[in-house]
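Undergrad: Single-letter residue listing:
2 protein chains.
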Amino acid sequence: MKKNAIVGQSGGPTAVINASLYGIIKEGMAHDEIDRVYGMINGIEGFMSGNYMDLSNDLTAEELELLKLTPAAYLGSCRYKLPDDLSSPFYPALFEKFRVMDIGYFFYIGGNDSMDTVSKLSRYAAHHQSDIRFIGIPKTIDNDLVLTDHTPGYGSAAKYVADTVREIVLDASVYQQKSVTIIELMGRHAGWLTAASAMARKFEGDNPVLIYLPESDFDFEQFASDVDSALQKRSSIIICVSEGLSDSNGKFICEYADEARLDTFGHKMLTGSGKMLENFVRDRFGVKVRSIELNVSQRCSGMLASAVDIEESVQAGIKGVKTALEGITGMMIAFKRTADSPYTMECVTVDVNEVCNKEKLFPNEWISKNGTDVTDDFLAYALPLIQGEPERKMEGGRPVYLYRK
Amino acid sequence: MKKNAIVGQSGGPTAVINASLYGIIKEGMAHDEIDRVYGMINGIEGFMSGNYMDLSNDLTAEELELLKLTPAAYLGSCRYKLPDDLSSPFYPALFEKFRVMDIGYFFYIGGNDSMDTVSKLSRYAAHHQSDIRFIGIPKTIDNDLVLTDHTPGYGSAAKYVADTVREIVLDASVYQQKSVTIIELMGRHAGWLTAASAMARKFEGDNPVLIYLPESDFDFEQFASDVDSALQKRSSIIICVSEGLSDSNGKFICEYADEARLDTFGHKMLTGSGKMLENFVRDRFGVKVRSIELNVSQRCSGMLASAVDIEESVQAGIKGVKTALEGITGMMIAFKRTADSPYTMECVTVDVNEVCNKEKLFPNEWISKNGTDVTDDFLAYALPLIQGEPERKMEGGRPVYLYRK
Chain Y
15 MKKNAIVGQS
25 GGPTAVINAS
35 LYGIIKEGMA
45 HDEIDRVYGM
55 INGIEGFMSG
65 NYMDLSNDLT
75 AEELELLKLT
85 PAAYLGSCRY
95 KLPDDLSSPF
105 YPALFEKFRV
115 MDIGYFFYIG
125 GNDSMDTVSK
135 LSRYAAHHQS
145 DIRFIGIPKT
155 IDNDLVLTDH
165 TPGYGSAAKY
175 VADTVREIVL
185 DASVYQQKSV
195 TIIELMGRHA
205 GWLTAASAMA
215 RKFEGDNPVL
225 IYLPESDFDF
235 EQFASDVDSA
245 LQKRSSIIIC
255 VSEGLSDSNG
265 KFICEYADEA
275 RLDTFGHKML
285 TGSGKMLENF
295 VRDRFGVKVR
305 SIELNVSQRC
315 SGMLASAVDI
325 EESVQAGIKG
335 VKTALEGITG
345 MMIAFKRTAD
355 SPYTMECVTV
365 DVNEVCNKEK
375 LFPNEWISKN
385 GTDVTDDFLA
395 YALPLIQGEP
405 ERKMEGGRPV
415 YLYRK
Chain E
15 MKKNAIVGQS
25 GGPTAVINAS
35 LYGIIKEGMA
45 HDEIDRVYGM
55 INGIEGFMSG
65 NYMDLSNDLT
75 AEELELLKLT
85 PAAYLGSCRY
95 KLPDDLSSPF
105 YPALFEKFRV
115 MDIGYFFYIG
125 GNDSMDTVSK
135 LSRYAAHHQS
145 DIRFIGIPKT
155 IDNDLVLTDH
165 TPGYGSAAKY
175 VADTVREIVL
185 DASVYQQKSV
195 TIIELMGRHA
205 GWLTAASAMA
215 RKFEGDNPVL
225 IYLPESDFDF
235 EQFASDVDSA
245 LQKRSSIIIC
255 VSEGLSDSNG
265 KFICEYADEA
275 RLDTFGHKML
285 TGSGKMLENF
295 VRDRFGVKVR
305 SIELNVSQRC
315 SGMLASAVDI
325 EESVQAGIKG
335 VKTALEGITG
345 MMIAFKRTAD
355 SPYTMECVTV
365 DVNEVCNKEK
375 LFPNEWISKN
385 GTDVTDDFLA
395 YALPLIQGEP
405 ERKMEGGRPV
415 YLYRK
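So the protein sequences, as listed, match chains Y and E. So for the first sequence, the numbering used here puts the first residue at 15; every next one is plus one. So for the second sequence, the numbering used here puts the first residue at 15; every next one is plus one.
Everything labelled a hint here was simulated from the structure, so no lab data went into it. Every value quoted in this text rests on a predicted model; they were computed, and no experiment measured them. Treat the hints with caution; some may be incorrect.
Identical chains share a label here; the pair holds if one copy fits it or two copies do between them.
[Claimed, not checked] List time: in silico DSBU-like cross-link candidates among lysine-lysine, alpha-carbon distance up to 30 Å:
(1) LYS216 <-> LYS111
(2) LYS407 <-> LYS383
(3) LYS336 <-> LYS192
(4) LYS383 <-> LYS419
(5) LYS419 <-> LYS247
(6) LYS374 <-> LYS216
(7) LYS95 <-> LYS40
(8) LYS383 <-> LYS372
(9) LYS265 <-> LYS302
(10) LYS419 <-> LYS265
(11) LYS419 <-> LYS192
(12) LYS247 <-> LYS216
(13) LYS372 <-> LYS302
(14) LYS95 <-> LYS192
(15) LYS336 <-> LYS16
(16) LYS17 <-> LYS336
(17) LYS111 <-> LYS192
Let the sequences and hints guide you as you build the complete structure.
TA: What follows is the structure in structure tokens.
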């Protein structure tokens with residue numbers, strides 16, 4: 015007997031979260047057990063206030079193909095934590111909406127918090143004999159989910175970092191005088207994206223010559239001596255740092271800048287770790303120094319997306335639908351690396367309860383040179399994930415993306 | 015009788031300054047009058063200390079093709095102002111080097127200051143009956159050179175701005191709550207690049223909804239009321255501002271932030287106009303606000319370069335060689351737009367003395383809505399310059415660029 019499916023996107027955008035949505039829609043429409051594929055607008059939060067669309071009818075075939083290559087979250091997103099108390103009235107209210115819409119399959123594309131949502135809903139369903147299947151599709155540029163080789167979204171963000179840092183290396187090398195360029199990369203607790211900057215190197219010893227991850231305690235004096243010896247060797251040095259650098263007391267180093275900083279209107283100024291270190295280097299070495307924050311383009315650059323990442327994200331969506339149709343619930347789709355060279359991967363399922371509210375940090379054994387570089391093992395791990403450039407539709411010199419009307 | 019040619023790059027990098035270098039090398043090697051094409055390493059400054067290479071011998075055919083699509087300045091650059099006093103010993107010292115190397119043709123690729131160099135050298139040559147021909151090839155992402163329709167480098171930077179702002183618009187629109195995103199773009203005095211953000215719009219009324227150029231006096235209260243009315247209309251608004259915004263007193267607005275700002279170590283913190291306005295908006299409206307500085311990627315992004323810009327930059331180099339071979343000196347190659355749709359352009363020559371030390375600002379008649387937008391006339395002007403994506407050689411998921419050994 016036919017049931018409807020519903021899918022939502024949650025948490026921060028990525029270049030490929032819509033590719034997973036694409037996979038769910040395509041696969042969902044291909045099975046007789048599924049009648050319609052609904053999309054929640056702005057995740058579970060928007061759905062609770064009645065916002066959703068019929069993805070199986072509202073999108074043309076051409077729009078669906080555009081969706082696959084459109085960055086950010088087409089359905090809109092939310093940051094909404096479900097009540098921990100499963101006896102909260104929130105749950106019966108939500109499940110009543112499911113009943114009215116005849117929902118049999120629920121898919122949520124997101125990171126840690128989204129898996130917490132899937133966990134709670136599947137546990138509530140189990141307690142109340144609901145036969146709705148709840149499946150989580152992973153998504154985060156931070157690559158910090160456990161029980162999966164990597165996460166959809168990381169490959170594209172890593173490719174953006176590698177390509178952009180390489181261009182900045184060229185840019186910073188044109189002058190003769192000594193200069194320091196500090197690039198701040200995303201990652202509050204996990205250094206996966208900052209580590210990706212190592213893929214910007216063209217040859218041994220190429221910039222970036224120093225890479226600092228949040229997994230290592232940051233020490234200003236050690237940093238100063240690292241910079242000092244690097245400046246002995248070459249005139250232009252590039253340093254990549256994570257936004258989440260913290261010292262041995264667990265204090266974010268950007269907080270050292272923020273304490274005393276008010277502008278003329280008395281506003282508190284917020285500063286990143288890159289700007290903080292720019293200041294530190296200028297004061298300590300008196301050399302030309304600049305800090306660059308790659309900012310949100312790391313997660314929303316469609317133009318530099320990885321074809322491998324897009325394809326894997328589609329596969330994750332497809333596997334999610336197949337898993338739900340097998341009667342499985344309370345699972346997250348995960349990636350299992352089956353070979354290194356050539357790289358091969360297969361989609362598997364893992365217990366969502368084992369994933370949510372955990373964080374996969376960058377492994378210590380992949381951090382080298384006293385916390386200023388990453389190992390070749392990391393490069394072997396990451397390089398397969400940034401391969402390939404998708405065929406993209408351009409119009410008037412700009413990429414064509416799908417906008418929600 | 016054969017002479018040698020020498021070429022240098024000066025000023026800030028762009029995505030296409032190497033395309034002009036490519037054009038000079040290819041065309042130079044194609045003429046019997048020219049024996050070798052030398053390249054100054056780090057411009058005139060590096061050349062004075064003896065640094066140069068033989069571009070006609072040191073580059074393979076494959077490397078030459080890579081050069082065409084490699085961003086930043088392959089030869090390295092400098093910011094070196096020649097003595098105003100033409101009787102300075104600097105000049106005979108330089109011309110003696112020219113004599114020793116049998117230089118007959120001198121090409122300098124750069125912006126305003128570089129044209130000043132070409133002007134001084136050609137005037138010195140005239141006074142001393144030197145028959146060396148001095149030709150300037152324009153280059154600047156700022157598009158602020160006079161007597162040319164536009165400058166090589168602007169099209170690629172404008173394309174980067176249009177594509178990246180469009181991605182940020184998508185990224186900023188995923189949440190329901192009110193938010194303000196401020197994007198700071200390059201341009202200390204001229205608003206050409208900030209204006210390019212208008213090309214990020216997909217439909218009438220799309221973000222960015224507010225665009226502020228340095229050509230208009232910035233007023234905080236007017237800005238506050240602009241933001242206020244924009245927030246009435248939509249939940250997520252994107253504002254594009256030039257780094258060089260200044261008030262009616264000619265004071266850069268970022269200076270209002272810098273005055274009172276020292277970090278805990280007592281360093282002075284430097285802030286951009288975007289960060290300054292982020293603070294202002296947060297304080298005034300209490301909404302979620304973020305500022306993003308696109309930074310040097312605007313000038314060094316090879317991946318988002320414009321094919322039209324690359325081709326025109328090559329043409330500028332070719333025209334430079336042809337002009338010198340005609341016996342012309344003291345000229346800059348300029349672009350003359352010969353038709354709008356379809357867009358056509360031809361290379362012409364203009365007196366370099368009429369170009370240097372002047373600045374082409376964004377025309378007032380192209381600024382609309384009380385200084386918060388640009389007109390369709392600007393779009394008609396700029397859109398042809400961002401067309402096309404070059405075929406690029408990729409390796410291991412990353413672009414292949416030419417590095418100087």
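Undergrad: Taking each numbered hint in turn, which are not upheld by the structure, reported in ascending numerical order?
TA: 1, 2, 3 and 10
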